[in-house]
Amino acid sequence: MIARTWMPALMALAGAAAAAMPSAAQTPPTSLALSCAACHGTDGKSPGSIPTLDGRSVKEMKEALTGFKNGTRQSTVMNRMAKAYTDQEIAALAEYFSKMK
Amino acid sequence: MNRITRRSFTAMAGAAGAALAMPNLAFGAAARVAVVGGGFGGATAARYLKRLDKQLDVTLIEPSRKFVTCPFSNLVLGGLRDMNSITHGYEGLAKGGVRVVHATVQGVDPTAKRLSLSTGTPVNYDKLILSPGMDLNFGALPGYDRAAADRLPHAWKAGSQTLLLKRQIEAMPNGGTVIMVCPDNPYRCPPGPYERASMIAHYLKSKKPKSKILMFDAKESFSKQGLFQEGWKEVYGNMIEWLPGKAGGKVLSVDAKAMTVKTEFGDHKGAVINVIPPQRAGEIARAAGFANDAGWCPVEFDSFQSKMNPDVHVIGDASIAGQMPKSGFSANSQAKVAAIAIILGLSGKKPPSPALANTCYSLVAPKYGISVANVYRVTDKGLVSVEGGVSPAGAPAAVRGREATYAEGWYASITQDMFG
Chain A
0 MIARTWMPAL
10 MALAGAAAAA
20 MPSAAQTPPT
30 SLALSCAACH
40 GTDGKSPGSI
50 PTLDGRSVKE
60 MKEALTGFKN
70 GTRQSTVMNR
80 MAKAYTDQEI
90 AALAEYFSKM
100 K
Chain U
0 MNRITRRSFT
10 AMAGAAGAAL
20 AMPNLAFGAA
30 ARVAVVGGGF
40 GGATAARYLK
50 RLDKQLDVTL
60 IEPSRKFVTC
70 PFSNLVLGGL
80 RDMNSITHGY
90 EGLAKGGVRV
100 VHATVQGVDP
110 TAKRLSLSTG
120 TPVNYDKLIL
130 SPGMDLNFGA
140 LPGYDRAAAD
150 RLPHAWKAGS
160 QTLLLKRQIE
170 AMPNGGTVIM
180 VCPDNPYRCP
190 PGPYERASMI
200 AHYLKSKKPK
210 SKILMFDAKE
220 SFSKQGLFQE
230 GWKEVYGNMI
240 EWLPGKAGGK
250 VLSVDAKAMT
260 VKTEFGDHKG
270 AVINVIPPQR
280 AGEIARAAGF
290 ANDAGWCPVE
300 FDSFQSKMNP
310 DVHVIGDASI
320 AGQMPKSGFS
330 ANSQAKVAAI
340 AIILGLSGKK
350 PPSPALANTC
360 YSLVAPKYGI
370 SVANVYRVTD
380 KGLVSVEGGV
390 SPAGAPAAVR
400 GREATYAEGW
410 YASITQDMFG
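Same order as they appear, the protein sequences are chains A and U. Residue numbering for the first sequence follows numbering that gives the first Met the number 0, starting at 0 and increasing by one per position. Residue numbering for the second sequence follows numbering that gives the first Met the number 0, starting at 0 and increasing by one per position.
Only chain U is shown next, with the shape it has when bound in the complex (with noise of 0.2 Å):
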C-alpha cells in the first residue's frame, strides 16, 4: 500500500503546477481518468465524463457485477419492491464507451499517478475520481464489529444485509419489538433511518399489529422529523416510538449473543436489532492519505478537488461537501462538477462556479411521499444551500401521494442517469 508522506505530497503539488502549463496531451494521446467506486457518484461521473468528451479514456474501478442501491431498500423491507428492482448492471457505461473494471483497488501511488488493482494489472491515470461510498466504522460502537452484524444488520449497505434484516423481520413474533440504533451526524442518507422505521411499520401493521418499533437515537434531532412525525402519528398510531440522545436514545454498547442494546437507563431487549454504525470515508481514500482526523475527505467545492492531492477528486458519502447530506442525488450531483472541472483543467482551465442540488424523497407509507429539496451554491461561508426546504406541514393526502409517485420517478431517472 502507498501512502502519500509530506515530502511526496509537496513534489506533486509542484508537478501538478506544472502539468497544467504543459499539458498532457502533448501527443494527441487522450487523458487518462480513472474512477474508482460504481456507485452513484462514480457511475455518474465516469458516464458523464465520457459524455462530455468522448475523447477522454475513462476506466471506472468497482469490485461488484451488479450494483444495488440504498435508495428504495427500505421498500424492499416494506415489501414494496424486490431486490431484482433495485440492482443495476455496469453494461450501458461499457456500452457509452467507459472501460469498466471489476476489481479492488489496493493502493494508490500519487506520484507514479498509478493504481495497483486486485487484478494484478495497474491502472494509470492522468486525473483521478475517488467514489468509495462510506465504510461502516466497526468497533466504533462496543459490541458492534463484524461478526455481530451477522446477527444484528445494519443494512446501510444494501444488498445481503437488506435480506438478513427483513428475514428478521419476518420470523420474529407478533408483538416482539423491532430495536433501530441511529447514528450522530455525519452519515450516510439522514432521513434513512426515519424511513426505513416506517417501511418496517407498514410490513408490521398488516402482518404483526401488536409489535413496536423503538429508535435509539445519538441525535437529538433528525432530517424530515416533523414530517415524518405527523405520518408516523396518522399512518401508524404509536407504533414507532423515538428516543433522542438525552432522553436515553444514546446506545452505548450492544450485545448480539443476548440481543440487547445498553443506554444510560439500562438494557433493553430486541426481537430485531438493526445496528447503523458510525461511518467514515471508504477506505481506499483513507489509506491513500485524501482524509482528515475525522475520516472524511476535505475537497474543494468548485471542483471536489482533494485538498491533499491536485490530481484527485473525491465525491460522494467520502468527502465533506458543506452543507449537502451524504445522498445518492448528491453524489449525482458531486460527480458533474467534477467532470467538469477535469475536462476544463485538463485544457488549463478553471471551473465555474456550480450549483449543486439535492433532492431526498421519503416514503412515510406507500401512497405517503415526503421530501427535502435544496440548491448548494460556494460563497463565502462555503457550499450552502441558497434555497430549498421540506414539504409542507399538515398537506391533504394528495400531495404526500403526488411525492410518494415522484419518489419512483426520481429513482426511474437518476439511476437511468447513472447506468445509462
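If we strip away everything but chain A, and leave its shape as in the complex, we get (with noise of 0.2 Å):
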C-alpha cells in the first residue's frame, strides 16, 4: 500500500531538510516525484499517450533522464524539465520510480 510506505519517508525527508540550512533546502523524492503525475500518471501510471515511468530500472531511469539533462537524448518537454534537477535528484527519481508496481 503506498499511503503506508509515502508517510514515514516523508516524515524522515521533511526532517532531514528542516535541519539543513535554507539554502541548502533538499526536495525529498517523494514531493519531486510527484509532479511527474500530471504528465505521467499516478505514480507514473500513464493512461494515455506519454509514456509510463513505474516499475523502469533505476539504470534505464538515469541514463533517460541524464541524457534529457545533458541534450544526448532528444524529446519535446523533458529536454526542457530535466535541467532543472540534479543529478542526486534525479538518482532518487529513478529509485523512486522502479519500485512503483
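Hints listed in this document are in silico derivations from the structure and should not be mistaken for laboratory results. Errors might be hidden in some of the hints.
To be verified - Below, a list of computed lysine-lysine pairs in the BS3-like style, where the Cα atoms sit at most 30 Å apart:
#	chain 1	residue 1	chain 2	residue 2
1	U	K261	U	K209
2	U	K306	U	K249
3	U	K211	U	K232
4	U	K380	A	K68
5	A	K44	U	K94
6	U	K306	U	K349
7	U	K306	U	K256
8	A	K44	U	K245
9	U	K218	U	K261
10	A	K100	U	K94
11	U	K209	A	K82
12	U	K156	U	K249
13	U	K349	A	K98
14	U	K206	A	K44
Two chains, two separate frames, one set of hints: put the complex together.
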C-alpha cells in the first residue's frame, strides 16, 4: 500500500530538510516525483500516450533523465524539464519510480 | 458571512502557534482537512491528502456534481472533442475515501474553524485548502456584466458558456468576423485565448473560409507568441489578426446590443464577440479576507499557506504563485505541495523545499501541438522558473505532431491524477 510507505519517508526527509540550512534545502523524492504524475500519471502509470515511469529500472531512468538533461537524448518537453534536477535528484527519482509497481 | 477582523486574525495567528506545539491529534482523532473547490487544485489536493495519509478526515466541498475542464474546452469549439469527453465526476474521489459534499460555501469562520454551507450543515476543519479558482470580474470592462455574457460569451469557465460560443460560431455567416477580447495579465491560462483563436480558425477554415478572427489584446505580447504566430501563418494564412494593446488592441468598452467593441480607433462590429474579461480570486477567498487589494491571495511558496491565516492554504488560480502561470497543471502541482505541508505541519514539521512544475500544451491545429514547460523552485527571488522554455521555433511537422499526441496524453493523465 503506497499510502503506508509514503508517510515515514515523507517525515524522515522533511526532518532532514528542516535541519539543513534554508539555502541548501533539499527536495525529498516523494515531493519531486508527485509533479511527474500530471503528465506521466499517478505513480507514473500513464493512461494515455505519454510514456509510463512505474517499474522502470534505476539504470534506464537515470540514463534517460541524464540524457535529456545533457541533450544527448532528444525529446519534446523533457529536454527542457530535466535540466532543473541535480544528478542526485535524478538518482532519487529513478529509485522512486523503480519501486512503483 | 464571517469576516476576519484584525483582532481575530492576530488571535488566530497566536492560536495556531499553540496548536503546533500541542497537536490536535491528542485523543487519536483524525485531523480534519476541508478542501473548497473541486477543480484541478481542489480535486488533486483531496485525492493526495488521502493517498499520503489515509487516516486524515478529508472533505471536498464543490457545488457541481460534474466538472467540465477548461483545458480542452477550446477543442470542443474546434470540433475535436465533445463536452462529454471533458466532463468528469467525483465518484473516484469518494471511492478513495474523500467525503464529497455538493454544496456552496457561504462563509468561513476562521476563529471557530468552521465553514457554513448552503446545505445548512457546517463543516469543521483543522486545516483548510481553498481552491476556488478565479471569478470573472464583471463590471471591470465597461459594458460587460453578467447579462452581457449571455450575448457575448466569455467561455472562460467551461460548460454552458462553451456551448453558447460554439453555437454562435456555427450560426454566423461565412465572411463574418469573430472578435476576441483578451485581458491583461494575470488571468487564467495565459496561452488559452490564442489556442482558442487557433481552434476557431480550424473550424472556420473548412466551414466558413471567408471569415476572420480579430483579436483585441490589452497586452503587448503573449504566451508562446512566436510559435502561435508561426503556426497561424502556416495553417490559416491571414485568417487570424492580433492587435497588441498599443496598436489598437486595448478595448475601452463593449456593447452587447450593438455587437461592438470600442477602442481608441473606433467601434468594431463582430458577428460573434468572445470577451475574456479581467479576473480575480474566487469570491469565497476574497470574502473571507484571504486576498490582497488586487483580488488575489498571497501565500508562502513552500506550503501555499495563506499569508493572512496559518490554518488556510490557497492553491490554484486564486493564489499569487510567483512566476507560475494560472493553469490546471500549476494548481495540480501546488495541491501536492499544500498536501505535503499540511500532513507534515499536523505533526509539527516544516515543509521541505518544493520543486513545482507546469506544462501547458496548446493545439494550433489537430496535429500541431506546441508547449511551454518549466520547473519552479523557491529562491531568494521568490517562486521562480529555474529551467524550462517553449517548443523550438521552425520545428518539423513530426515534432508538432508528437506534441499534439502528448497534449492528449497529458489530458488523460492529469484528469486521472485528479479524479482517480
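- [ ] Provide an ascending list of the numbers of those earlier hints which the structure does not satisfy.
- [x] 2, 7, 8, 11, 14
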